[in-house]
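Protein chains in written order, with our numbering: chain C, 742 to 1067; chain L, 236 to 559.
There's no promise every hint is true.
Heads up, simulated DSBU-like pairs for lysine-lysine below, C-alpha to C-alpha not over 30 Å straight-line [claimed, not checked]: (1) C:K1053 - C:K793; (2) L:K289 - C:K876; (3) C:K846 - L:K534.
Hints were generated in silico from the structure; no laboratory data involved.
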Amino acid sequence: MRIPLGILALVVGVLGAVAAAQQAGAPQDQPGLKWSDDQLRKVAHHVRAGRKLTPKSWPNGARVAVCLSVDPDNFTIPLNAGNVNPIAISAGEYGAFEGVPRMLKLFDKHQIPVSFYIPAVAAMLHPEMIREIAKRKHHEVAIHGWIHENPMELDDPVEEWRLISQAMDLLEKQWGRRPVGNRNPSWTMSTHTIGLLKKAGLLYDSSLQAMDEPHEVLLDDQPTGLIELPVNWIIDDSPMYGTAGDFPSPRMIMQTFRDDFDLAYKEGTMFMLTMHPHITGQRTRIGQLEELIRYMKSKPGVWFATAEEIAKWIKQQSGMPPTAGQ
Amino acid sequence: MRKPMIAAMVVAAALAGAAAQQARPDRQPGRKWSEEQLRRESSHVRAGRSLNPKAWPNGARVAVALTFNVNNSANQLARGDTAVVAMTGGEFGAAQGLARVLDVLDRHEVPATFFVSGVADLVDPQMLPEIARRRRHEIGVLGWSDENVATLDNAAEEGRLLTRAIDRIAASAGRKPVGARGPNGTVSLHTMGLLKKAGILYDSSLQARDDAYELLLEGQASGLVELPNNPYRNDYRFLTSARTGPGLLPSPELVFETFRDDFDVAYEEGTLFVLTLHPHVAGMRSRIPYLDDLVHYIKGKPGVWFATGEQIAKYVKQEARMSN
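Next up, chain C with everything else stripped away, as it sits in the complex (with noise of 0.2 Å):
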């Protein structure tokens, strides 16, 4: 059999560029579909929920606890893709400069304590949100992310270890203490993520989306330690009514979040919600989030905390053992 050349070249050619395609992790055309049992359950086990922590009970007998948790991501994301375009700068620069000081001013009213995930980009760019939440003495700083990378795609253990680390000590400069928490970047975490975050000593998480209520994150089916503070696209303001969001009403929004948190309350368990000051710091926003925080307010039994006030508390009522570098 004669096989001219230039077809035999031009085979070789495709295959091997598929072949490199396959090296590089392109995404194939459901690939899952050819694993074995083993396969399956090893890579659907990585990291998954353990053991609920709901306690019996909140403290001073609270029937829930809720988190208000603010992402001022500021123009991280942009910059994290090379994009310096003034619109895209100007439209994240809006957190520092209206969103994170009145949503400030909203808690001071309300007097609540409030969670602040922090990109270490967002905090080095703009220093005084850091002061002026650390000025309040009740609110928490946490990790997100060194500039809002995308851990997922990087897939690069060593780097990913590197950003964290240099996310947690510049928190740590800028707050007085270490930070305790984590929330990743655009929920994406890689394989490597719960790994490093238990090196790091974390006392909890805050990305994952297996239950409503606090949890153990299992690692390879192993318990970790780690407590799971589960989030949810559905109460998080970007997905929502965000510039990309898919339903901008304020109003219809906020009474989802109101109706999340009724089943929170029914159930005994806990709400957080994800809020970003570029979106829910506009004025078109906050005054329904004030309508949501004078509601859940108006409820007997309500403990608002931070999340590390949460974890802490959970900790202590499961006996779990004391974290690495607490």
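For chain C, the structure is supplied; the task is to place chain L on it using the hints.
For chain L alone, kept in the frame of chain C given last:
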């Protein structure tokens, strides 16, 4: 603008290096930048000091700028899209929308600012004389053909289009524009330098604050006033037009309720309310009554100064003793 070019070359070189190493482009170059690079790259165009005055004219509490982007079918033409029916969706702005908007403004006797694309004026030259003859409105520039200047990223070409637009609008409106808004919701790293060169007083494209502020170019005070725009105070993404189908929240009632909430906080904080609407979107029958209601509501409050962008920019500049 040499620095961005050098920076771009450095980034490109870094990208090329990373690509050679990993056979995949690094889409997150910023994570490797030094503190100095991060500061420089985020400071090409940046918000300077707030220019919110101690008081607005006659002791008013808040300044209100109703602004309209008159782009009609200009962007479709920039893209070379000749689709006939789509073209009429933009034409609606000239044929019906603008007259309805002007009618609301006449009834309430309030001034407004119209940012006009050169091509919108070329296609429908009857619009600008209609606006100008009211004598209380301002006409600003919205690029030549509602072009995306960010993807264009070409200082010479952007400058050519801006000059062409300013010249055309000056001829049609009888006065050279002093206010500019980035066409198609975009600006480039060249835009603010070009506006300064063109002698523009203020821009209304950026979003760093709710109140007026001074623009810094490469860290230096530019003399340019920014009257911030904001996608949450803009009808486009919520309501859009028949041209591209309904927007994300095609309920005029819910949308204008949000605009009113925004005004309420501006009033409470004593700053500035800049609303951005489009005649071919807000000028539709199902929407125009809500504009009428909003203006009525705002007028019902004491201490509101309705003004053009130009009047506001001149006032804040003078109060802040800002130099050119």
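Here is what the structure says about each hint:
| no. | hint | verdict |
| --- | --- | --- |
| 1 | C:K1053 - C:K793 | holds, 15 Å |
| 2 | L:K289 - C:K876 | holds, 27 Å |
| 3 | C:K846 - L:K534 | holds, 28 Å |
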